[in-house]
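Letter by letter, the chains look like this.
Protein chains: 2
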Amino acid sequence: MKQPCLTWLPFLCAEAPADLKTPQQIARFELDQASGEPVGLCVRPEMGDSFWIEKKEGQFLITGGETGVLYGAYRLLMALHAGYPVRLGTQPSAPCYDLRMINCWDNAEGTVERGYSGRSLFFENGWFDYDASRIRQLARMMASVGLNVICINNVNVHDPAHKLIEEEWLPELAKLAAIFRPYGVKLMLSIDYAHPMRHGIPTADPLDERVQQWWMQQTEKVYHAVPDLAGFLVKADSEHRPGPFTYGRDHADGANMLARALKPHGGKLIWRCFVYNCMQDWRDTTTDRPMAAYIHYAHLDGRFDDNVILQIKNGPFDFQVREPVSPLFYAMPNTNLALEIQLAQEYTGHQIDIYAMPPMWKEIFRDLPPKQVMAIAAVGNLGRDDNYTGHPFAAVNLFSYGLTAWDPGCDPEECIRLWVKLTYQLDEQQQEMLVALLMNSRSTYEKYTAPLGLNWMVTTHEHYGPSPSGYEYAPWGTYHKANRDAVGIDRTKNGTGYTEQYPEPFRSLYASLDTCPDKLKLFFHRLRYDYVMADGRTLVQRIYDDHFEGYEETQAMAQTLSQLDLPSPDREMAQERMQRQLKNAHEWCDIINTFFYRLSGVKDANGRTIYE
Amino acid sequence: MKQPCLTWLPFLCAEAPADLKTPQQIARFELDQASGEPVGLCVRPEMGDSFWIEKKEGQFLITGGETGVLYGAYRLLMALHAGYPVRLGTQPSAPCYDLRMINCWDNAEGTVERGYSGRSLFFENGWFDYDASRIRQLARMMASVGLNVICINNVNVHDPAHKLIEEEWLPELAKLAAIFRPYGVKLMLSIDYAHPMRHGIPTADPLDERVQQWWMQQTEKVYHAVPDLAGFLVKADSEHRPGPFTYGRDHADGANMLARALKPHGGKLIWRCFVYNCMQDWRDTTTDRPMAAYIHYAHLDGRFDDNVILQIKNGPFDFQVREPVSPLFYAMPNTNLALEIQLAQEYTGHQIDIYAMPPMWKEIFRDLPPKQVMAIAAVGNLGRDDNYTGHPFAAVNLFSYGLTAWDPGCDPEECIRLWVKLTYQLDEQQQEMLVALLMNSRSTYEKYTAPLGLNWMVTTHEHYGPSPSGYEYAPWGTYHKANRDAVGIDRTKNGTGYTEQYPEPFRSLYASLDTCPDKLKLFFHRLRYDYVMADGRTLVQRIYDDHFEGYEETQAMAQTLSQLDLPSPDREMAQERMQRQLKNAHEWCDIINTFFYRLSGVKDANGRTIYE
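Note that the protein sequences, when read in sequence, are chains A and B. In terms of my numbering, the first sequence has 192 at position 36, counting the first letter as 1, and numbering is strictly consecutive. In terms of my numbering, the second sequence has 305 at position 149, counting the first letter as 1, and numbering is strictly consecutive.
Any given hint could turn out to be false.
Because identical chains cannot be distinguished in the list, a pair is counted as satisfied if it fits within a single copy or across any two copies.
[Stated by the list, open to error] Below, a list of computed lysine to aspartate or glutamate pairs in the DMTMM-like style, where the Cα atoms sit at most 25 Å apart:
| id | residue 1 | residue 2 |
| --- | --- | --- |
| 1 | K675 | E569 |
| 2 | K211 | D188 |
| 3 | K211 | D440 |
| 4 | K759 | D437 |
| 5 | K649 | E584 |
| 6 | K759 | D641 |
| 7 | K211 | D701 |
| 8 | K637 | D409 |
| 9 | K759 | E324 |
Derived by calculation from the structure, the hints in this document are not laboratory data.
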């Protein structure tokens, strides 16, 4: 039997005995095993997830709620292990969001949609299939960074995953929940909106009494098996999924119907807002995909029950390298909202290319309305690979996600440094080389892939590698309309009007070429190749420069990587992936430059090679 | 049990009894069933496939070889049924090519590579699986138009199709051969060049004695089961298939080794010349894919054994809508050559769009050196669909292929008219509407898809629908390098030098802009958008015009189709496919025009809508 990989928790060794059932017991066990000195615990249930740490008579004392003491224990252990001073005092550390979720896109047949870390941790061949020890380790990893909900199945509920809420599957679901429970992690399930139609009900109309009744009864059965289930996650009327639109109902009707079935059990209904026309005619210039979520949802503000949470992707498109914050976050003051980000590197390198996300998240939180969002979800980057995340460095995103979900104000570099300290035994110089490499990795990736907020020049479907016009005549609403003179979509009020969906100051900031940041200019504006950017360079020269720099920085990154004394197998895995990243960066650089050179006819001002 | 579809043979009803074993017996049976009058047969074995028909004392008399009388019988019956005069006299009708082959790309698991007519007629689930009555009907269809060889498995030999030559599969193979045999149709098999390595031999080096020995012995076993097997078909060193290059041997070494194993049994070794670098770097301008076959094979002329036949695709690329004839046909006077065409509509509409091929073949045969080619093969368009060919009109290609393989000088329009007469009971006006529709279908398809010999603007992998830059940065060697000023590859001696592979008069014809036909201009030349074509229009205007015309012609075609009194289910099937063709033609038209408008900035001279 293989020792489970302990990722950033190598200082934790023995696994907790199976008879430990509460977070407090786990906290006690972990502290006894790993702290090296006596630590006191004081549970005040009313504190929930919060905790504080004091030092009394030379001994640490953690005070917190039932889960709070567990979070406190891990924070203390990590600080001690990293050699960091422990933050002491009775000012509680409390999470910014009550629900700190991972959304796994795992299919019952064992694949993971947009998964780059091997097959599903939970399923194989249309049924549960997991290594309990690996699941326990995952629960431990989640608890160590404060994550408390995991949705185990894909939002695209492919047959037979809908059965997760059926009688036959519930006993097994209960067993899985029992593994996570001592770590304070609750299960969530993605459900099939049209599920009642599989049971003889001829409709899924949310206002139909038979439909309401079916969900009431079925939800009761689910909660009988898993009383602390966090709730249901729903992707409806999106990319060919069924939903209330089929019955002429709106999404408040649809979500509230399900929320009422969950309400008696304290469950939440998470409703994704990723709704747009995925059958757009490319000739249609009146439809602008980034506007879709706002159009579908803003007018429903105030209509949702109090246990409904609308889950909105950080940007208005779909997890691109750089997007502005979705305007929908500013438009629903009377609705519970959740932020959805993506750890799976769908558009950001497939866990082949190095892409540390904390600097990107910092930008998102800078622009997010402070009190509007009350939950956070991240599409998982997990799989059956020994290290859970494919690329060993991709674990930094899972780790930092937990810390960020707890405190969005945390410093990206500190998150990354802590992960490096906990994961590897490097001397300080090497440690800082790796921290810098990770800190810069997103900027490098952006340079060699997406010009200035343009996005979607990626290979269709697969989303790895360049295809500058791959989406140009496709039905997905993702066009750049590059021609011989200019590129981009005018999204100001002179164009599609997307900027009008923003409140001030964002509306003016983005709408004006004078104030719109260069890095987002092509998201909001159509620009001529000879347009002069804020830094004095022309648009096309800036595209060339960024792409050459991106490739050069990747080469430097490879150089740095080869100098790091990483342990096996991480060293070999990172090196092998770096060879693929270099090839990818080279292709992106040359192809995007050639694409714009062919269109513009403008040569590189510095005489570098751009292929004909 | 379903009555097998009789396609163009509806006047044949009863199936021959299973105890008829020879072509002569079949001929006798078919004539007795369907001629309506007594017909005499006279077999002169030395005449082989040839025959003549006389009228003696008011009675038809067919004289020919064992297979000749069968071919004569079908020709007579078809003429009588179509109401055509029977060509009488003692001048024998003899086939131009001894081997008139269909190459099925069927996989043992039941799929058909580039198949658009349902699953395999022969295999399912890794084993034989066929309806003997359907196979008999296929043999009848083949014999009726003079085809005499069928290769039943894909040239890409995917596991377990290699077992076709192994002991376990041979008894079943013999049963299948026995169904085809009375119709004069012989089986052929695609083999895996590296097969010996599956049996403990550590190499597939053609000069290794163990390898030679293995093939000798295995071939003997195959011929013991199927004594009249036509031979083996090989795709080696092509698109990741194994081959002699692995061992530093050339293709003469590789082919001759296999040919020597076949020789004692009278078998032929068909060696495909589809060899090129499918991992080309798009930046590499020194490699030009159309030059590959000539480079690989021309220097081997004279090195091949007399039972080796090199099978060359009609054009130097890969079954595009318009290509010049491959220069390799002119370069190997001392080698047996076969022409390979494709009935499967891989690049020509997937048997959704109507595409009758005889006019295209006429152009090929016009340029083919007369005595150089001694065999012909066509990639099949067959599958398990009731009508064998998906689109009911796609049968015209199978039918006409047989007639053309017999006599490449035959008139395309007459082939098509005969198919229409035999297949449908239409009045003469409707018959001629359908003949004209089919005759024009290739020109229409060409107009809305490929500009002037440019090709490869098709969706990658799938090869249906437009993707104007889909292959532009791919490893397949298929680039147009369109930029703001010009499009195409200069393949003259000033460019890649491809035209130098042709003998005169082709070399000068293609190399000079003055003489190169407009329809092939962009195959051979890089042209500015303002280049003035032979008809006085600019290149870009000609592209716009062709595409608008192609779509308009498709709309007219749909109109014609709706007026035809076709029988069910052909009527409904053709109508349903026409809706898809219309959509396809519309997309092609608008997308290609927009693509060139964005690049050139030139508006349509006639003010039609080209989208931004």
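Status of each hint after checking the structure:
In this homomeric assembly, K675 and E569 come within 25 Å of each other (Cα to Cα) only inside a single copy, at 21 Å, whereas the closest approach across copies is 61 Å. For the homomeric pair K211 and D188, the shortest alpha-carbon distance inside one copy (17 Å) is at most 25 Å, but the shortest distance between copies (108 Å) is not. Within a single copy, K211 and D440 get their C-alpha atoms no closer than 65 Å, and across copies no closer than 68 Å, so neither meets the 25 Å cut-off. In this homomeric assembly, K759 and D437 come within 25 Å of each other (Cα to Cα) only across copies, at 22 Å, whereas the closest approach inside a single copy is 34 Å.
Proximity of K649 to E584 under the C-alpha cut-off of 25 Å is found in neither arrangement, the shortest distances being 52 Å within a copy and 61 Å between copies. Taking identical chains as interchangeable, the C-alpha atoms of K759 and D641 lie at most 25 Å apart whether they share a chain (14 Å) or sit on different chains (14 Å). In the homo-oligomer, the alpha carbons of K211 and D701 never lie at most 25 Å apart, since the shortest distance is 54 Å inside one protomer and 84 Å across protomers. With identical chains, the CA atoms of K637 and D409 are never at most 25 Å apart, being 38 Å at best within one copy and 53 Å at best between copies.
Within a single copy, K759 and E324 get their C-alpha atoms no closer than 65 Å, and across copies no closer than 64 Å, so neither meets the 25 Å cut-off.
Of the numbered hints stated above, those contradicted by the structure are hints 3, 5, 7, 8, 9, listed in ascending order.
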